Amino acid sequence: MNPTVRLHRKLYSKTAIDAAKAAFEHLADISVVRDTDWYKVEFVDPDPDVQEVIAHEFANFALAEVVESVKK
Amino acid sequence: MGDLETVKIDVEQGVAVLSLDKGLYPLDVVYGAAYVLIDRAYVLLDRAPDGRFLIRLQVKEGPLDTKTLTALAGEMQNELLSQALRRKITKANKQLLETIVTRAIGGATGALTPGVFPEEDDLDFLDDPLGIAVPWEERFSKDAKKDKPTDAETTPELAGPGDSGGFSPTKKGSEP
Numbered sequence: 001m002n003p004t005v006r007l008h009r010k011l012y013s014k015t016a017i018d019a020a021k022a023a024f025e026h027l028a029d030i031s032v033v034r035d036t037d038w039y040k041v042e043f044v045d046p047d048p049d050v051q052e053v054i055a056h057e058f059a060n061f062a063l064a065e066v067v068e069s070v071k072k
Numbered sequence: 073m074g075d076l077e078t079v080k081i082d083v084e085q086g087v088a089v090l091s092l093d094k095g096l097y098p099l100d101v102v103y104g105a106a107y108v109l110i111d112r113a114y115v116l117l118d119r120a121p122d123g124r125f126l127i128r129l130q131v132k133e134g135p136l137d138t139k140t141l142t143a144l145a146g147e148m149q150n151e152l153l154s155q156a157l158r159r160k161i162t163k164a165n166k167q168l169l170e171t172i173v174t175r176a177i178g179g180a181t182g183a184l185t186p187g188v189f190p191e192e193d194d195l196d197f198l199d200d201p202l203g204i205a206v207p208w209e210e211r212f213s214k215d216a217k218k219d220k221p222t223d224a225e226t227t228p229e230l231a232g233p234g235d236s237g238g239f240s241p242t243k244k245g246s247e248p
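For the record, the sequence lines run as chains A and B. When we follow our numbering, the leftmost residue of the first sequence carries the number 1, and every step to the right adds one. When we follow our numbering, the leftmost residue of the second sequence carries the number 73, and every step to the right adds one.
Derived from the structure by calculation, the hints contain no laboratory data. Check before you lean on any hint, since a few could be wrong.
[Unchecked claim] Below, a list of computed lysine-lysine pairs in the DSS-like style, where the Cα atoms sit at most 30 angstroms apart:
no.	chain 1	residue 1	chain 2	residue 2
1	A	Lys10	B	Lys214
2	A	Lys14	B	Lys163
3	B	Lys94	A	Lys21
4	B	Lys160	A	Lys10
5	A	Lys10	B	Lys132
6	A	Lys71	B	Lys160
Note that the coordinates shown come from a computational prediction; the quantities given were computed from them, not determined experimentally.
Work out the full structure, taking the sequences as your base and the hints as a guide.
And the structure:
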């Protein structure tokens, strides 16, 4: 089963998710689907070395992007 | 009325979930606290249907036991308080900080503002009307003093009693 993560739209901006997607796209095929209040992010065919953590790391990266943008 | 703040520890999944009342902390405080922990833990923010903030924490390395997860949740709670206090202090002193920064910047740039200088359009940058560029040795050397005309040479002679063609203003016989 592919790793997935659900990011709330009121807490994670699309810009931050796009930045995370660009940073992680060499590790998996990433699809972002808008689903009511969340963005559902799915990692298809992820690199086996990072399969366990890719969703968590992606969420952390997106959170950091959001916080950085809020700081500005 | 529900609790303002609750913590749930799930050792099986290795996560601690904090649930915060939406009115307890502003969103930027939650962001700030989460940001502090992202180097040590996986942090996922979410919202419950009733609007509460859910903060899901999972340690990156180390044992996933109750003690570790409880400590991580406690650290998050402390950081939330810290961020909230910092925000309050910043807000309370905002005007003072702005005044200090404005004056500092104004003072630093004021000396460089072209409008401050008197307009001396006819002066070239090589002109030295005050003799500031003359070296000390040159100004005070003996040769310079020798060459420098004396006051007697430069000061025009003023008319005095000796220039009156021998006329003495005192009457003859008035002298003792």
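Between Lys71 of chain A and Lys160 of chain B, is the straight-line Cα distance small enough, at 30 angstroms or below? holds (16 angstroms)
Run the distance test for Lys94 of chain B versus Lys21 of chain A: straight-line Cα separation, threshold 30 angstroms. Given that 30 angstroms is the threshold and the Cα spacing comes to 29 angstroms, the pair holds.
Proposed proximity, Lys132 of chain B with Lys10 of chain A (alpha carbon, max 30 angstroms): Distance of about 26 angstroms is within 30 angstroms: holds.
Regarding the pair Lys160 of chain B and Lys10 of chain A, is the alpha-carbon distance no greater than 30 angstroms? It holds: about 24 angstroms lies between the C-alpha atoms, which stays within 30 angstroms.
Please verify whether Lys10 of chain A and Lys214 of chain B have alpha carbons no more than 30 angstroms apart. violated (84 angstroms)
Lys14 of chain A and Lys163 of chain B: Cα distance at most 30 angstroms? Roughly 29 angstroms between the alpha carbons, so the hint for Lys14 of chain A and Lys163 of chain B holds.
Violation of the numbered hints given earlier is confined to hint 1; every other hint is satisfied by the structure.
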